[in-house]
Every structure is written in C-alpha cells, then in structure tokens.
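Undergrad: So the chains spell out like this:
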Amino acid sequence: MIVFTCENDFEAIMTCIYHAWEWAIKNGHDNMRLEREPILQGTLFDEYIHVEADSIKAEKVVRAIRNKISDESYIRVYYACLAEEDLLDSIYRYLRIGFRVGEKVNHMLTEDSVMRLLEARRKVGNESHFFREFMRFSSIDGKVYIAHFEPKCNVAHLVSRHFEDRMPSEHWMIIDDVRKIAVIHPKEEEVYIRRLTDDEFEQLNHSEECEDEYTTLWKSFFEHITIKERTNYKCQRNLMPLWMRKHVVEFKE
Amino acid sequence: MKSMFTCKETCLLDKKNKCLYNKHMFELCDYSLNQKLEILADAAKYDVACTSSGVDRKGKKGFLGNARACGICHSFAADGRCISLLKILMTNHCIYDCKYCINRKSNDVPRATFTPKEICELVIEFYKRNYIEGLFLSSGVINNPAYTMERICETLLLLRTQYKFNGYIHVKSIPGAPEELLATAGYLADRISINMELPTEESLKKLAPNKSFETIMTPMGLVSDTIATHRLAIGKSARMERSNGNKYLNNSIFSNNNLKMEMKNEQLSLSDTMNTVISNGSSADKLLPNTRDKYHLKRAFAPAGQSTQMIIGATDETDFHLIQTTQKLYQTYDLKRVFYSAYIPINEDSALPSLDTAPPLLREHRLYQADWLLRFYGFQAKELLSEDRPNFNEKIDPKCDWALRHLEMFPVEVQTASYEVLLRIPGIGPKSAARIVSARRYGTLTFEHLKKIGVVLKRAHYFLTCSGKMMYHIPIEEKYILNQLITLNRSDNWQVAHQNQNRQMSLFSDFNLGGASG
Chain A
2 MIVFTCENDF EAIMTCIYHA WEWAIKNGHD NMRLEREPIL QGTLFDEYIH VEADSIKAEK
62 VVRAIRNKIS DESYIRVYYA CLAEEDLLDS IYRYLRIGFR VGEKVNHMLT EDSVMRLLEA
122 RRKVGNESHF FREFMRFSSI DGKVYIAHFE PKCNVAHLVS RHFEDRMPSE HWMIIDDVRK
182 IAVIHPKEEE VYIRRLTDDE FEQLNHSEEC EDEYTTLWKS FFEHITIKER TNYKCQRNLM
242 PLWMRKHVVE FKE
Chain B
315 MKSMFTCKET CLLDKKNKCL YNKHMFELCD YSLNQKLEIL ADAAKYDVAC TSSGVDRKGK
375 KGFLGNARAC GICHSFAADG RCISLLKILM TNHCIYDCKY CINRKSNDVP RATFTPKEIC
435 ELVIEFYKRN YIEGLFLSSG VINNPAYTME RICETLLLLR TQYKFNGYIH VKSIPGAPEE
495 LLATAGYLAD RISINMELPT EESLKKLAPN KSFETIMTPM GLVSDTIATH RLAIGKSARM
555 ERSNGNKYLN NSIFSNNNLK MEMKNEQLSL SDTMNTVISN GSSADKLLPN TRDKYHLKRA
615 FAPAGQSTQM IIGATDETDF HLIQTTQKLY QTYDLKRVFY SAYIPINEDS ALPSLDTAPP
675 LLREHRLYQA DWLLRFYGFQ AKELLSEDRP NFNEKIDPKC DWALRHLEMF PVEVQTASYE
735 VLLRIPGIGP KSAARIVSAR RYGTLTFEHL KKIGVVLKRA HYFLTCSGKM MYHIPIEEKY
795 ILNQLITLNR SDNWQVAHQN QNRQMSLFSD FNLGGASG
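Chains A and B, in that order, are what the protein sequence lines are.
According to this note's numbering, the first sequence is numbered sequentially starting from 2.
According to this note's numbering, the second sequence is numbered sequentially starting from 315.
These are computed hints drawn from the structure, not numbers from a lab.
Hints should not be assumed to be uniformly reliable.
Claimed, not checked - BS3-like, lysine-lysine: derived pairs with alpha carbons at most 25 Å apart: (1) Lys772/B x Lys144/A; (2) Lys374/B x Lys105/A; (3) Lys105/A x Lys561/B; (4) Lys144/A x Lys431/B; (5) Lys442/B x Lys247/A; (6) Lys375/B x Lys188/A; (7) Lys235/A x Lys772/B; (8) Lys253/A x Lys153/A.
Stated by the list, open to error - Chain B stretches covered by chain A per the calculated footprint, using a threshold of three residues with CB under 8 Å from any CB of chain A: (9) 368 to 374; (10) 389 to 400; (11) 638 to 648.
Said to hold, decoys possible - A few chain B residues that face chain A, going by a derived Cβ cut-off under 7 Å, partial list only: (12) Ala355; (13) Asp356; (14) Asn380; (15) His407; (16) Pro667; (17) Asp670; (18) Pro673.
Small disclaimer: the values here were computed from a predicted structure and weren't measured.
Glycine included, each C-beta is placed from N, C-alpha and C at the ideal position.
With the rest of the complex left out, here is chain B:
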C-alpha cells in the first residue's frame, strides 16, 4: 500500500507558498467566499472534534495568538455543540465513495474549494475578533491522498509563516498520505487526527470501500511514535500528560502496570518500537525530518497529541467492542481523545440504516460517560461491560450501573475512604474527591459540607456515610436503589434521547400507567 505513495521529494518544500491548483479545479470555484464558507462548513460539521485543548503556548510579539491547555469554546451552535475552531473542509470534492459520508463521490451536492489564502484570511480575521480559537482543517480527497495532504500542508505553512498565526490548529490526516507530509503537518499543527470511522475491519470494508484498516492504523502508529520520540527529545516523558488524578490511581488504564500488560498483549511495546527506530532508522525516524530548521519554525511535533473519531449506530458493533477499542487506542496509541459520533442518516444505501432512523443520541451519551470513566475515574473497559452484558443500560449511567452491581463495597465512610474509592461513588468526581481528601484533614465532614464541596448528593447519598451515618434511613438493596436512580434520571435521559422532538407527554406511555386502568 505504502509503495503507491512513495512521494518524490516533498515538492511543498521547494515551491514555497505557490498555489498548485490545476485548471480543472479553478473552473469549479466560481462561488463567492460566503457561499464557499457555507458549503464547506456544512460539509465539515459531521466531524465531532472541536476541542482547542491540550497545549499551553504563550503569545509572541509580532505574532497573533496563543493557546491554552484548558481549551476555549467561543460559541455554542443551536445543537448545543461548542464552536471553538473554524471547522471547515479545504474542499468537498472527493474521489472516495464512503457510504455514510455526505461528500461521497456519488452524491450530488454543491462542491467548492478554498484557496490557501482564503483560509488564512478567514482564520486571521475571525481570530482577531475573538470568534474562534484556531483552525480545524480537513478535506475531501482530490486526485490522490498525497496531493490533498500537500495542499493542506501548504495552507498551514502559509498560515504559520506569512500570516504569523500562533493559535491552535487541528489538522485531519488523509488516510494513505505519505509519511513526509504527515510529518510536516505534525510540525505545523497542534493536534493531528485520523478518523478511524468504524471499529472493525469488516465494517470498514462494507461502508468505506476505498479506505483500509492499514491506511488508518499505520499512520496513527507512526504519529504516536513520533510524538513519543519528540517528547523524549525535548525532555518530557514519552507518554502524553493525563488528568492529574490518575497518578493516585493504581488501577487506571494509564497506570504503569496496566500499560505494560497491554503492551505485552499487543506485542507493541513502545520502548521496543523506539529501540528499533533508533537502531534501524526505521519509519518513525524518517518522520523527524529537517523541515523544522528549514523554516526556523522551532515547533513541537503535535504538542496537543492525536485524536480519532468513530461512528456509532451505522454498523452493529456492541458498546463493549467500542469501549474496548477506545481503551486500546488510549493505551497503545496514546491518543489524547476518542470521539463518538451518533450516525445521522443522510445517504440512502442498502448497507446503511434506513433514512428515518433516529440518531442514537442516548447511546452516544453513555459512551462518552464511559470514556470519562476510563480517563478520569480509573475504570477499565472490562469492569463496565462484558461479553454477557455487551451494551450500556439506557436507563442509568455506567457509573451508577457499576455501583449497583458492587453494592457489597458500599456504603463508604467519607472520612476514611481512599481517593480511589471516593471516585467510585456515583455523584463524586475528581474535583470533589480531591476537595474531600484535603478538607477532611482539618475537620469532620457533614452532608452539608459535602453539598457545598460539590458532591451531587441526590445520587451519592445511597452510597456513603458521614461519621458512620447515612443521610436517610434507606435499605441498601439493588432493586430499591435502582428504582430511585431511574426515577432521578428519567427526565435527563428523555431529554438526551429526544433533544429535538417536540412531542406531547403521554400519561400512559411515559409513566407506565397503562396497566393500572381497570
């Protein structure tokens, strides 16, 4: 596969900043800038990631922009999703025919292409008005992956050098693009991502016939190795920083023991790969080219790490499969984030769910909750789900679900429980757990204090005691607590699942009163 794209010298480096669009493309570009923006924003909106987090960078005189590790959202669209970056496609022309995608070759949609200069000016002017935090650049595939990736790199280079932009850039890598271009993109951008789209080889074959697992996973591995090498070279640890709380957790997916085990299973030990890299000068070594010195950019390689995205509901993978894949991606590829996107039927195809399928929003919500449990709460995929119970309970969240299956651990005494145990109580998060741990050294905590500290008592009170007493006199039985929690969650769940439907409530179907009549 790789030999197909053995790129001649990266021509980008020689013909600096020259627009290389061929004639064919210019003919199609007779839209106004506003129309292009509309078409290409519409085409890009199904990409989920719009985060500007993960890197702290100070501003410089003469340049525009800085970056904050916490991330900054600048607006919220009518769908409640944050708008942090100018999320556009460079072009929505595409030679591929992925079944789920709105921009597939066989669709008849208006097509447009931005020139690098147009993109740069939009970014700079929007940024100065504080509309955006940076650029999210993706693209349909024109001519071939290498050509497309080259255009992307050209745009980024123009933005970084000529327009002196120092803000956040998230770039999508095109599957099948040559390594050199991947490297250039990594040095110019803050985060680089490759969409996995579907978690198994079979589904990918079925829905994205032009992509293969190899063209997605190989560059992902390369990028993660290069990030690690680069981090070591500048004196950081090989792996990305994770939430601070993780260092107090022995059993989290990022703890050393679990990582080692995972590496052994995968036969992909990071240090081994790097040893071979250093001795053989293999691929990852090539990803550290001299591009940096040539442009005096002195930039880190993708300092905000790598992310990916999976579509949910277009194929029949289980939640267990998805969450295990997620964990594997965090552990072996050291991804910073994995995003899920509920499948929205836009195309008609025999291989796809029918057009009237509602997007599985509640399922997406549960997966994100589980993703947080992996990254911040020290849970493992196999604790949350198993082969026998492969899908999340729609009625209650994964953490409550886990707690109900482990009632033998509860109730927990707040004054003495470890940080790790506190985190497992539904209604207590990393922040409130840390506050409890520090506050209890100087005084006895009561329920009133817990409430002020930020504990969600309506969920937590079933699982904890203060000075040996529970908040209310309740039985610790699975069935009782389950019913209580379901009642608590019902309206939330309903809202997640029916966000955009205006429908009248029905006494009988919504409140299970159907059987009571007569």
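Same shape as in the complex, but just chain A:
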C-alpha cells in the first residue's frame, strides 16, 4: 500500500491530496491512504511518500472543491485541516464522494467520512466559539492588548476574525502558546499571522503577569454576581471546562 504523508499545514494537505489523486487516477483509489506527519512508527510493507507544500497545486485543489462541490464543502475541508486529530484520509474519501455526487455530499450522513467531517466542523467551530468567549486580553500600557491561549485545534485565525470585526480601532495580538504563532492586529489595519521565534515568545510570555485595576474590578464583579444559594460547581465545569480556564483571569489566584 502507498501512504502519502505531509506536514500539518493547510497548503501541504491540499498538495498531498493533489498528488494522491494524481497517483490514484492511474492505480485506483483502494491501494493507498493519506497520513499526517509525524509518522511515529511506519508499517513494514507500506511505501511512504512525503509530499512538500506547493501553493499552485494547493490552489488547484481548493478551486476544484469550490467549483465542483460547494463553498460549504470547502469550509468543512478547511475546518477538518485545523482539527487536532489526523483527518487527512477522511478528507480524501469525502472529496471522492463529493466529486462524484456534487453538493449533496453534505447530506449523506450515512457515509463515514461525511460524518467525520461534520463532527470535525462542529468540534473546530465549537472550540473557536469557546475561545471567542474565554479569550482574555491584558493591557500593558492601555494601548496594546495581548491575549494568550492554548487551543487543541488550530483556531487562532478563526478566532482573530471575530476580534478584527469587534475591535477595529485597537492594537491587539492573540498568541497561540501551543503552536507559537501570533495573530497581530495593528490599529485600523488588517491582521497578519506570524510564527514567533523563541526569543519573542519568551518576551511575550510576561505580558500576563502585569495586572491593572480593571482586572481587580472584574474579579470582584465575578465574585459578587454569584448567587450563593444556587452554588453549582458541576454546572460551571460543564459549561467552562478546566482546560479552557488556563489563561482566564478570574480563575487565577
């Protein structure tokens, strides 16, 4: 069996699909699968082919999805690429059905790959919504607002689009501590994404240490809005899981 592998990056994934498809046209779709790197333990009888990202080929795939299937499908594929787990093979199987039947592929929930992509879309969508809610900016000098967060899926870009609309006239920055990338928004300009070097990352890590008077005010508001007679920590944990509270100021001592 042939295994196509690529890095965990949207462009690389699309290129990988391009090459896999090219190979499958000659040899059939059954004797191959796709996997995301890193491959920790290869199997003995499979042949691994690494694919490098190529923007032209990636764009061809994207265009084909949008024209031949639908924009909604493109969104699903994009979200699946951001997911925590490896969905590369499911994306490929989904696209196979999609190119055959067109836009109604999204309704075919009895197909395993379609269901997986729907789940991924929900999962990534929900996580980006959670961080729209629980992102906490802190301000160093009242001019620049910096937020740190540690998402499971790669949602920094999705989340930043929300804040771009919300705070167009503010300098702000969102930092994904897991992937070490920063989304930077200069006042009244467009956002851009940047990989941080270790030095920059180290420096920015201190931004959360300084607290101002509004943090204190918020903490006391948070405490006093609770109705003591209705205390229900279980409900609180269900709605706001512990792993999401890591950078949320009101839960820090």
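Fit chain B to the given chain A structure using the hints.
TA: Chain B in isolation, oriented as in the chain A frame:
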C-alpha cells in the same frame, strides 16, 4: 396613572450628557469604585436575563464592538449561570417596597450609585479585555420613575455617543416611566425588558404594592407595538424572527393560524392596533420620536426584542398558569424570551414563604424545559398541562411526560415520519430532527447512524423504529417506560434540586428500600 408622569419635554435631550444628580445623592456616594461595583453587582444578581443574543451587528471603524445573534457568554459564575453582560444596577436606592426584593426601601443594606461616566468606563475597559459582551443596566427607583429612567437614558446616550460603544446593551425599563423615555431607551439599547415579576394582579398587589399590572403591561404593549412598527418601516416582517424550525410546524404557537386565534381572543389584533396608530396618531406613534435624527444614531428600535421575568414559588400560582401566561406573552406581546427565577428567600415577611424554604430549582428547570417546548418544538401550553393536572411531574421532563400520555402515536418510523412528528420524540431535538430529514434521503438510517447524528438514544429508543424494528425488545406500556425513564432521570433531577447541598446518600430513602427490610 399615565397623567402622573406626563413629562415636560424630555430634558435629557437639551442638557446633553450633564450629570443631574442632586446633592442628597452625592453625600451617599463615598464608596470607592470597587465597593460600588460590589454593592451594585450584588444588588443586580437576582435578575435572570444575561443573554446577549438576538441581533447581528457588524463592527465599525472608530467604534468599539459588534453583536452576534447567537450570543456570547464570557464566563460562568460559581452558580453555573453565564456572565455575558456587565449586570449592574445604576443605583440600589429605591422608593418602592416590593416584598421579595433585596433592595426594598425597608431593608437596611449598603446603598450606592454609579455616575454615568463610571458605568461607561467600566463597560469600555471590560469590553476591550473581552470580559463582557455589553451592559445590562437596571436600577432601583430614585425620586420617581421618570427621573430614574432619565438617568438610565443619559448613561446609555453617553456610552453610545461619546464612548462610541457599538456592543450589546440590555436595558430594564422602570414601571411607570413616561413614554418618551421608553422610546429613547429603545433606540439606544438592543433589548428592552420590563419585569412582570408575578403573573397575576392579586399577587402583584400582595407583594409589590407600589407596582400595578397596568404600569407593567401598558409599556410592554407600547414597546411591542413600536418594535413591530419599526420593523415594518425598515422592511422586515412585523413579528420577531423565531427559530428556523418553526416554519415547518403547523401547530406551533407562532404559526399564523394560532396567532390569529390568539389575537381574536385577546381582542388585540396587531394589525388593528397599528391601523389605529396610523390613523389616530395614538401612543405607539409617539414612541417614534425624532431623537434618532437629532443624534445621528440611525439605530433600530430594540432590534433584539423584548423580554420579561417572573418569580416562581413566592406565590401560589400553578405551573399551568405560568406556562399559559408565557404563551400569551409570546403570542400577543411578541416577547423574545420569558425568564423564570426561582424565589430565593432573602427577606422576612408574613406574605412570603419562610426564610428556610429551599429555592424551587427543579420546578424552575421544568418550566424552562416547557418554555423550550413552546418555542422550538411546536408544543402548546394546553398540550403540556391542563386544569386537572396543573403542575409538572417532578420525576420526568415535560416532553417525556407528554409522550407517555400519547403512547398511541408511538413507536414512530424514523425513515418516514414528518419533521413535526420527529420533534415530538423524546431525545430528538430540532438539530437532530433536521439532520435525520436530510440524511434519510440518501440512505437508510440505523440506530448507529442516529447515535452519531446526535439523537439521545437512551430516551428515544422507546419511541422509534429503524426499518420497522425497535432497538430492544420491550413492551410499549406506559408503566414500564415510565419506570425506565424515571430511573434514567433520577440522578439528574436530584442534582438539579440539590445543587448546593452536600449530603450523604442514604440507601433507604434514596432508593426506596425502606419497605424491603424484614
């Protein structure tokens, strides 16, 4: 009643942004900002509504904020309630003496007042740090309702114009405030609400002697008429948008036939009211003043609609009464939401339940479940309860309860049942029903698929078949299914009812083993 408050020209419009607090009030305000926030958050926490939903608004350059129709919660307090808005009172001074309220005149509690500027700065700074989604502003009544409402409007105006805040604002209207101020508030806020507090005139008289049904229902009607007029003027339908699924339901409380019938019963046909408004230039017309142009605000009138809140357990209304009132409010006043708040005994009074009464949390939970059934599932109040059975079953939820009383309809075949019928199966909601309807066109559904689609099979499997077969071989008998469902629900119910009590489980009382001994 209205003549009492015939307001001279809304002075708010002339003395723009000037703080009009009298001397008496300044003397009392020697708390620090933090102390004020503590006092006024404490005073506001018994208001239930903290939703930021119902309106989509894009951000603007130079302004701060946008609004999302789905609503965004920013944190969850230790009681599990969401914190979405900065929920504060402007002041907790109050001339009224409502028995159930912590801020009543006769209570000895610390009193504080925010200045408009303090509120604005809190909102802006919290918002920039993504702590909140907007402001929820309510207030105790100082001097008189008109004066209080004017202060509220002044604050909102400052926030919208000078501080360029474009986020969500929920404002509480003060019962008895003049119409002009209600209109100004509506244009500045996204949602406007008037607390109904108690569902009958008698209970209101008993517990809130300074309020009357008229001072609550008249402004509610005015606001709902104005929202409708305004919506028509900007090319939308007169009634608020409801959950999408409702358009596939023939018998929901929002379907045209039922609305028409309800209007006839109430003699309050919306179109009639509006006709009279247009021809006579009556009250609702006055609610559309020129304030908009004066400030170049160009804002819609309360685009997220109107809501209200009722206290449960302080008086002896039945669930049937409450749920019928709710339905009526949705149909005639086109409210977006009705909230319930389990009564928490904070004051001692002969007219109130005693101080050691536990808040009726499970009852509140059942009412909310029923409220969802009305708004999303196409149920009607009279289907859920009746005069003979006026209260919800504590042991199982209203939907299961209904299904058990209508076992002749079940089991339902998933592959062929209509959307309306699917929605009536316990364990299937609007989302999974819609997914079933779209997925079954392209393949036969099995129980495995249903599980992945999101159906809660542990409840649903008693009521449906896939390809003519039920999941397990079980008798379709009311008693059997009832026992099974009660076992399923027991721990959930117990948790809702005893959220904050740490108590040891008892084998005998919790599991009905008392009789088994000997």
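Undergrad: Compare the structure with each hint and give your call.
TA: Right, here's what the structure says about each hint:
{"no.": "1", "hint": "Lys772/B x Lys144/A", "in the structure": "53 Å, violated"}
{"no.": "2", "hint": "Lys374/B x Lys105/A", "in the structure": "37 Å, violated"}
{"no.": "3", "hint": "Lys105/A x Lys561/B", "in the structure": "23 Å, holds"}
{"no.": "4", "hint": "Lys144/A x Lys431/B", "in the structure": "20 Å, holds"}
{"no.": "5", "hint": "Lys442/B x Lys247/A", "in the structure": "19 Å, holds"}
{"no.": "6", "hint": "Lys375/B x Lys188/A", "in the structure": "10 Å, holds"}
{"no.": "7", "hint": "Lys235/A x Lys772/B", "in the structure": "22 Å, holds"}
{"no.": "8", "hint": "Lys253/A x Lys153/A", "in the structure": "21 Å, holds"}
{"no.": "9", "hint": "368 to 374", "in the structure": "holds (count 3)"}
{"no.": "10", "hint": "389 to 400", "in the structure": "holds (count 10)"}
{"no.": "11", "hint": "638 to 648", "in the structure": "violated (count 0)"}
{"no.": "12", "hint": "Ala355", "in the structure": "4 Å, holds"}
{"no.": "13", "hint": "Asp356", "in the structure": "5 Å, holds"}
{"no.": "14", "hint": "Asn380", "in the structure": "5 Å, holds"}
{"no.": "15", "hint": "His407", "in the structure": "18 Å, violated"}
{"no.": "16", "hint": "Pro667", "in the structure": "13 Å, violated"}
{"no.": "17", "hint": "Asp670", "in the structure": "11 Å, violated"}
{"no.": "18", "hint": "Pro673", "in the structure": "6 Å, holds"}
Hint violations for this structure: numbers 1, 2, 11, 15, 16, 17, all remaining hints satisfied.
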